Amino acid sequence: MGIGVFILEIVAPFLEFVAPIIPGETFPYIFKLEMFQRALLAAIMVTIVAGLLGIFLLIQNLALIGDGLAHVSFGGVAVGVVLGATSPLWYALVFSITASILIHELQSREILTGDASIAIFLTGMLALGLVILRVSGGGITTEIHSYLFGNLLLIDEGSLDMIAMICIISIAFLASIRSTLLACTIDPMAARIQGLPVRGIGLLFSIITAAVVVSMVQVVGTLLVTALLVTPAATAQLIGRSFRSCLIWTQVFGLSSVFFGLYLSSELNAGSGSMIALVSAIVFGIVAISKISFDYVYQTNEN
Amino acid sequence: MQSVKVEITPPKRGQPDQRVEFPHSEGEVSVLDVQNMTVVRSGRVIIRDIDLKINKGEFVGLVGPNGSGKSTLLLAILGVLKSKTGTVSIYGHPPMSRKLNGKIGWVSQAASNLPRDIRITVRELVQLGTRNASNMFFWTNSKQKELVDKAIKMVGLENVENTDIARLSGGQRQRAVIARALASDAEFILLDEPLVGIDRESRNSLLKLLDLLCHDEGKTILMVSHDLTAIRQTAHRMIFLEEAIRFDGNTNDFPDLNTLAKLRGIEPVHSSGDWNEHNHSKEEE
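Read top to bottom, the protein sequences are chains A and B.
In this text, residue positions in the first sequence follow the numbering used here: the first is 1, and each later residue adds one.
In this text, residue positions in the second sequence follow the numbering used here: the first is 1, and each later residue adds one.
Since the hints were made in silico from the structure, they are not lab data.
Predicted model only: the values in this text are computed from it and were never measured.
Positions of the beta carbon are idealized from the N, C-alpha and C atoms, including for glycine.
Certain hints may be false.
A few chain B residues facing chain A, derived, Cβ under 8 Å [unchecked claim]:
| # | residue |
| --- | --- |
| 1 | Val88 |
| 2 | Arg98 |
| 3 | Pro115 |
| 4 | Ile118 |
| 5 | Glu124 |
If you want the footprint, here are the derived chain A segments under chain B, 3+ residues with CB under 8 Å [what the hints assert, rightly or not]:
| # | stretch |
| --- | --- |
| 6 | 55 to 61 |
| 7 | 242 to 249 |
| 8 | 263 to 272 |
The calculated label-pair distances, taken between Cβ atoms and stated as ranges, are [said to hold, decoys possible]:
| # | chain 1 | residue 1 | chain 2 | residue 2 | range |
| --- | --- | --- | --- | --- | --- |
| 9 | B | Gly156 | A | Lys32 | 53 to 63 Å |
| 10 | B | Gly249 | A | Arg241 | 42 to 52 Å |
| 11 | B | Trp139 | A | Glu105 | 23 to 33 Å |
| 12 | B | Gly43 | A | Ile111 | 18 to 28 Å |
| 13 | A | Ile120 | B | Thr87 | 37 to 47 Å |
| 14 | B | Phe137 | A | Ile111 | 29 to 39 Å |
| 15 | A | Gly2 | B | Asp117 | 30 to 40 Å |
| 16 | B | Thr87 | A | Ile3 | 49 to 59 Å |
Kindly generate the complete structure, drawing on both the sequences and the hints.
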């Protein structure tokens, strides 16, 4: 029994307990049936770790690295599928981590600054995936489609274990070196002089990012990874007043987007990944508009 | 350009020296000892033949025109840049040594160096200063909290300690960054152009703060600035750097503009211009 199944066994009774008070016609089944429980658990874990990562990515101006690595993962998945792998996500993991390390090195050695290195890997690996799929004659099958747009229902026990393992390691890592990582992120030079191993921390962070992106691919899909990685953190930036409050708000926005997204997708029979992404964008819009109008009213009153 | 240090007769101006002298005797605790350092970047000699010794409790101002190698010297001292020749020792250890963890405080131009996409309070920022290789995996303990409290109090930001730094003025932000450097209980503080982007009033209070840190807290300070007036107001000792050290001595002995021009090997264009003001306006263009 893997760690994901173990966690599921712990939380399953709780999910079944709350199922009767969950609104909607089909939504409560997500809390009842094991297949859906797996999906829900995976979505929650991924959202928590994505929020944590997202804040650091925003500070580093790397909002699109999630998108880049997700496309690289897609290339990996395509290679895995063509080679007949039972779980192509492991291929995605290898591809994504390699690309992430290379992008980090290109940027830290100042060979290519900014997001140009991300763009190169994004398009290059996406193209590789598409070419391999076309040459092998498979094309975009249902399986490939679910990796592109996410399909919560395809999460089997093996994937759940993998997602759980990545998320737990990442959360433990991020929680323990939170301050150190923040110091290295906002002022690398000062951190280095303080005696922090900035390079090593940056490399570890890249690897964690790559692994988390791969774990997200099945939940929201390659094309929509950024929705959970960046949108909740960006929404939190609008109203947070400290780093700590941003951490909390990110989780609030991320988890509520997931719940509302899943609710709407099950009631309207729409894709879960796209609905989660849409809801998180709408949440951002509502918060941004309220903030702007609040600031406007506040300033007008003050003058 | 001349490589030999030029002997100059100190020009007479103002009161005779009332400050405490910091003699370079053997008994003094040497905080920094740089010997025969030359730094080359992409084939060009940036600084050469630097010999520099700083003792405990000194407030040294490092001045020089833009591109004279001031920042390079700082970064080479800190070990961020590798020097081609020469040695650096800080408290008897090479730069970047683990033994120096928490002993060196670094203050950069805060206004331009902190990312915009972040919400972080003064307290949270200062707390980051307590991190080093030996405690990077642990959360902040009570001793570090005390140091953070002390650092915030020292720079006088107690009343805004829970405010987002984006809402602070340039001067307050710079204070927060100084507090971050102090939070590790650093004894040797290096500042790179801390006065850039700060209004006159905050500038003066910032200089007062540095003076206080030096005199009351016994910190050793090395400050880089192109603001000659500011350095003259506070530093005990001044170093004029332009590729090599052209002047190193008591602040009151710092040469006037004409002598300075001779030191730099150029004929003065303005017979009575303020070098600093001239330089400053060039910077802002």
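Now the hints, each set against the structure:
Given hint, Val88(B) at the interface with chain A, is violated; its Cβ is 13 Å from that chain's nearest Cβ, farther than 8 Å. Because the smallest distance between the Cβ of Arg98(B) and any Cβ of chain A comes to about 7 Å, under 8 Å, the interface hint for this residue holds. Interface hint at Pro115(B): satisfied, since its Cβ lies 5 Å from the closest Cβ of chain A, which is below the 8 Å cut-off. Using the Cβ-Cβ criterion of 8 Å, the hint placing Ile118(B) at the interface with chain A is satisfied: the shortest such distance is roughly 5 Å.
Satisfaction of the interface hint for Glu124(B) is found here, the shortest Cβ-Cβ separation to chain A being roughly 5 Å, below the 8 Å cut-off. Given a C-beta distance limit of less than 8 Å, the hint that chain B covers the stretch 55 to 61 of chain A holds, as 4 residues qualify and 3 suffice. Closer than 8 Å: that is the beta-carbon criterion, and the stretch 242 to 249 of chain A has 5 residues meeting it against chain B, so the requirement of 3 holds. Chain B is given as covering the stretch 263 to 272 of chain A, and this is violated because 0 residues of the stretch bring a CB closer than 8 Å to a CB of that chain, at least three being needed.
Between Gly156(B) and Lys32(A) the beta carbons are some 59 Å apart, a value that agrees with the proposed interval 53 to 63 Å. In this structure, Gly249(B) and Arg241(A) meet the distance hint of 42 to 52 Å, their C-beta atoms being roughly 48 Å apart. Evaluation of the 23 to 33 Å hint for Trp139(B) and Glu105(A) yields a pass: the beta carbon distance comes to about 30 Å. Between Gly43(B) and Ile111(A) the C-beta distance comes to about 19 Å, which sits within the given range of 18 to 28 Å.
Checking the proposed 37 to 47 Å range against Ile120(A) and Thr87(B) shows it holds: the Cβ atoms sit about 42 Å from each other. Here the CB-CB span from Phe137(B) to Ile111(A) is close to 31 Å, well matched to the stated 29 to 39 Å. With their beta carbons about 37 Å apart, Gly2(A) and Asp117(B) fall inside the hinted range of 30 to 40 Å. For the pair Thr87(B) and Ile3(A), the supplied restraint of 49 to 59 Å holds, since their beta-carbon distance comes to about 52 Å.
Checked against the numbered hints given earlier, the structure breaks hints 1 and 8 and satisfies all the rest.
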